[in-house]
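> Assemble the complex: chain A is given as a structure, and chains B, C and D must be docked to it using the hints.
4 protein chains.
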Amino acid sequence: MDKRVAPFGFAVRVYWEDTDAGGIVFYANYLKFFERARTEWLRSLGVEQQKLKDTSGGMFVVAQTCVRYLRPARLDDALVVTARLVDKGRASMTICQQTLLKSEHINNVNSASEPILLCEGTVKIGWVDAATLKPARMPGCLLERLKT
Amino acid sequence: MDKRVAPFGFAVRVYWEDTDAGGIVFYANYLKFFERARTEWLRSLGVEQQKLKDTSGGMFVVAQTCVRYLRPARLDDALVVTARLVDKGRASMTICQQTLLKSEHINNVNSASEPILLCEGTVKIGWVDAATLKPARMPGCLLERLKT
Amino acid sequence: MDKRVAPFGFAVRVYWEDTDAGGIVFYANYLKFFERARTEWLRSLGVEQQKLKDTSGGMFVVAQTCVRYLRPARLDDALVVTARLVDKGRASMTICQQTLLKSEHINNVNSASEPILLCEGTVKIGWVDAATLKPARMPGCLLERLKT
Amino acid sequence: MDKRVAPFGFAVRVYWEDTDAGGIVFYANYLKFFERARTEWLRSLGVEQQKLKDTSGGMFVVAQTCVRYLRPARLDDALVVTARLVDKGRASMTICQQTLLKSEHINNVNSASEPILLCEGTVKIGWVDAATLKPARMPGCLLERLKT
Numbered sequence: 726m727d728k729r730v731a732p733f734g735f736a737v738r739v740y741w742e743d744t745d746a747g748g749i750v751f752y753a754n755y756l757k758f759f760e761r762a763r764t765e766w767l768r769s770l771g772v773e774q775q776k777l778k779d780t781s782g783g784m785f786v787v788a789q790t791c792v793r794y795l796r797p798a799r800l801d802d803a804l805v806v807t808a809r810l811v812d813k814g815r816a817s818m819t820i821c822q823q824t825l826l827k828s829e830h831i832n833n834v835n836s837a838s839e840p841i842l843l844c845e846g847t848v849k850i851g852w853v854d855a856a857t858l859k860p861a862r863m864p865g866c867l868l869e870r871l872k873t
Numbered sequence: 726m727d728k729r730v731a732p733f734g735f736a737v738r739v740y741w742e743d744t745d746a747g748g749i750v751f752y753a754n755y756l757k758f759f760e761r762a763r764t765e766w767l768r769s770l771g772v773e774q775q776k777l778k779d780t781s782g783g784m785f786v787v788a789q790t791c792v793r794y795l796r797p798a799r800l801d802d803a804l805v806v807t808a809r810l811v812d813k814g815r816a817s818m819t820i821c822q823q824t825l826l827k828s829e830h831i832n833n834v835n836s837a838s839e840p841i842l843l844c845e846g847t848v849k850i851g852w853v854d855a856a857t858l859k860p861a862r863m864p865g866c867l868l869e870r871l872k873t
Numbered sequence: 726m727d728k729r730v731a732p733f734g735f736a737v738r739v740y741w742e743d744t745d746a747g748g749i750v751f752y753a754n755y756l757k758f759f760e761r762a763r764t765e766w767l768r769s770l771g772v773e774q775q776k777l778k779d780t781s782g783g784m785f786v787v788a789q790t791c792v793r794y795l796r797p798a799r800l801d802d803a804l805v806v807t808a809r810l811v812d813k814g815r816a817s818m819t820i821c822q823q824t825l826l827k828s829e830h831i832n833n834v835n836s837a838s839e840p841i842l843l844c845e846g847t848v849k850i851g852w853v854d855a856a857t858l859k860p861a862r863m864p865g866c867l868l869e870r871l872k873t
Numbered sequence: 726m727d728k729r730v731a732p733f734g735f736a737v738r739v740y741w742e743d744t745d746a747g748g749i750v751f752y753a754n755y756l757k758f759f760e761r762a763r764t765e766w767l768r769s770l771g772v773e774q775q776k777l778k779d780t781s782g783g784m785f786v787v788a789q790t791c792v793r794y795l796r797p798a799r800l801d802d803a804l805v806v807t808a809r810l811v812d813k814g815r816a817s818m819t820i821c822q823q824t825l826l827k828s829e830h831i832n833n834v835n836s837a838s839e840p841i842l843l844c845e846g847t848v849k850i851g852w853v854d855a856a857t858l859k860p861a862r863m864p865g866c867l868l869e870r871l872k873t
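As they're listed, the protein sequences go chains A, B, C and D. One point on numbering: in our numbering, the residue at position 84 of the first sequence is 809, and numbering is uninterrupted. One point on numbering: in our numbering, the residue at position 55 of the second sequence is 780, and numbering is uninterrupted. One point on numbering: in our numbering, the residue at position 29 of the third sequence is 754, and numbering is uninterrupted. One point on numbering: in our numbering, the residue at position 122 of the fourth sequence is 847, and numbering is uninterrupted.
Isolated chain A, as found in the complex (with noise of 0.2 Å):
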């Protein structure tokens, strides 16, 4: 993962749905946490998921995903949540992706203090015909827009 360019950030409040009865945000919603960022990355790319199955007839699926969990986040956690793409072919993608705990909520002493990592993971993501969920070549528009 080349680490000279910044990855990709978007905040994420904890709410009480994200939570669970051991008091911390429960697994799978971090999964949701992702997809928030992945949305946001490609629309920062000007890519509209709803209007790209509208126009191309074609939509994401999520293939594999593959989480590690560090450190719990609880209600009314600040987060970043990352996306990076890391491999990119005619019909997949692969993004790494990690929720950050912002430091100004942790560590009032020194707040320049690093974000704490609370878990990382990978998504691969296939591109389908919306209709009949088969594997297709994303459409060149989208190509273009994931080249930068």
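No wet-lab data here; the hints were simulated from the structure. Treat the hints loosely; a few may be bogus.
One copy or any two copies: either way a pair holds, since identical chains are not told apart in the list.
[What the hints assert, rightly or not] DSS-like, lysine-lysine: derived pairs with alpha carbons at most 27 Å apart:
{"id": "1", "residue 1": "Lys827", "residue 2": "Lys859"}
{"id": "2", "residue 1": "Lys859", "residue 2": "Lys778"}
{"id": "3", "residue 1": "Lys776", "residue 2": "Lys859"}
{"id": "4", "residue 1": "Lys849", "residue 2": "Lys778"}
{"id": "5", "residue 1": "Lys813", "residue 2": "Lys859"}
{"id": "6", "residue 1": "Lys872", "residue 2": "Lys813"}
{"id": "7", "residue 1": "Lys776", "residue 2": "Lys849"}
{"id": "8", "residue 1": "Lys827", "residue 2": "Lys813"}
{"id": "9", "residue 1": "Lys849", "residue 2": "Lys859"}
{"id": "10", "residue 1": "Lys827", "residue 2": "Lys776"}
{"id": "11", "residue 1": "Lys827", "residue 2": "Lys778"}
{"id": "12", "residue 1": "Lys872", "residue 2": "Lys827"}
{"id": "13", "residue 1": "Lys872", "residue 2": "Lys776"}
{"id": "14", "residue 1": "Lys849", "residue 2": "Lys872"}
Below, chains B, C and D without anything else, positioned relative to chain A:
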């Protein structure tokens, strides 16, 4: 509500996904429990919603929900969720629903005691064209099955 | 409802997680949107719920929700969710909430047009002891902040 | 994976809440299905997680998940979710899980045909102190039940 006819009842178990950091079931999730019970009530009448959508081009949408939350449910609780049709038109229907805590889980002494009411509500459902989402008349086969 | 005072508004984007197979936002998820807006409204008044629970031993629980669903939201829609305090006691309060579709997304001709009302409802919230879940009087610092 | 011992299987029905606007089950929700199956597998061994938390002060947290999504599930599908313990230490364990589509729903001709694999994955779970969330050794009674 005519108490002489027993309402349809569906068993629901509380899992981690249903709870929040308050240690209890997140209130919005009772709407999910209600939906599961309505779906199984319809299935018990011979109505499969996916098939009905595929064949008739229509589907149910929820138009209104009113829910009162009386007592909380917790992880591992065994619940019964009821559904009772209380009003029916050609394009909509109203269902009364309750979530009850099975008594054996809370009273080992007297297993014949009444289940405890946790929440109850009313759900108004409309029938719409699945493509346009405009209100429509329920297909005859559906109205026929709802007669019972 | 006093329309002279603008209600608190909070931006919510619709993601895949919010939708269902009908192609629209799953109705139970509007309760999540309402909750996020209430949480941010409270935060705007200086109330952080996790801190308040840690310091006072109490928390909010939802006692009643009534919601009317008028029009559907879809993937990628940009929404505004409002919260307006309409009634307040010592142990409970009632909030009126709406979900609106931002006009720029639906009307390119006239960007100054009114946002479209998608759903609206009333949420009654009680204050309870977090350990026993019994109703309790809100702490003074909370009542003070709710005065505004 | 030793195929001679049948894994624990738990029936899950697909409801509206589980689907997304792609018309299929939202991939993050398979983690919920996996969790339900693990919970019922533990219950079948005599382990009730809420009771265990109340008596031992500890609970499970998920440390890692890897899931491959092969085929989609849809509304009304009848699924079987499996759980098979593949590794166990004093503070963690690893479970292999699958989601299968029951064959009778997809093959009316040959009802004896094999169920179809929709997704499979591995979930690593750690035992922590519920108050501090620090890793801890599983209580003896739990280790004993996991022996079988």
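> Now tell me if each hint is right for this structure.
We went through each hint and held it up to the structure:
Taking the shortest alpha-carbon separations for Lys827 and Lys859, only the inter-copy value of 21 Å comes in at or below 27 Å, while the best intra-copy value is 40 Å. Taking CA atoms no more than 27 Å apart as the test, Lys859 paired with Lys778 passes in both settings, with 14 Å inside one copy and 22 Å between copies. When the C-alpha separation of Lys776 and Lys859 is checked against a cutoff of 27 Å, the pair qualifies both within a copy, at 20 Å, and between copies, at 22 Å. For the identical chains of this complex, Lys849 and Lys778 are intra-copy neighbours only, at 19 Å inside a copy versus 31 Å across copies, given an alpha-carbon limit of 27 Å.
For a Cα distance limit of 27 Å, the shortest separation of Lys813 from Lys859 inside one copy, 18 Å, qualifies, whereas the shortest one across copies, 38 Å, does not. Taking the shortest alpha-carbon separations for Lys872 and Lys813, only the intra-copy value of 9 Å comes in at or below 27 Å, while the best inter-copy value is 44 Å. For the homomeric pair Lys776 and Lys849, the shortest alpha-carbon distance inside one copy (22 Å) is at most 27 Å, but the shortest distance between copies (31 Å) is not. Within a single copy, Lys827 and Lys813 get their C-alpha atoms no closer than 30 Å, and across copies no closer than 34 Å, so neither meets the 27 Å cut-off.
Proximity of Lys849 and Lys859 under a CA criterion of 27 Å is satisfied intra-copy only: 16 Å inside one chain copy versus 31 Å between copies. When the C-alpha separation of Lys827 and Lys776 is checked against a cutoff of 27 Å, the pair qualifies only between copies, where the shortest distance is 17 Å, while the shortest distance within a copy is 33 Å. Taking CA atoms no more than 27 Å apart as the test, Lys827 paired with Lys778 passes between copies only; the shortest distance there is 21 Å, against 34 Å inside one copy. Taking the shortest Cα distances, Lys872 and Lys827 never come within 27 Å of each other, neither inside one copy (30 Å) nor across copies (31 Å).
In the homo-oligomer, the alpha carbons of Lys872 and Lys776 lie at most 27 Å apart inside one protomer (20 Å), although the nearest pairing across protomers, at 42 Å, exceeds that limit. In this assembly of identical chains, the alpha carbons of Lys849 and Lys872 lie at most 27 Å apart only when taken from the same copy (17 Å versus 36 Å across copies).
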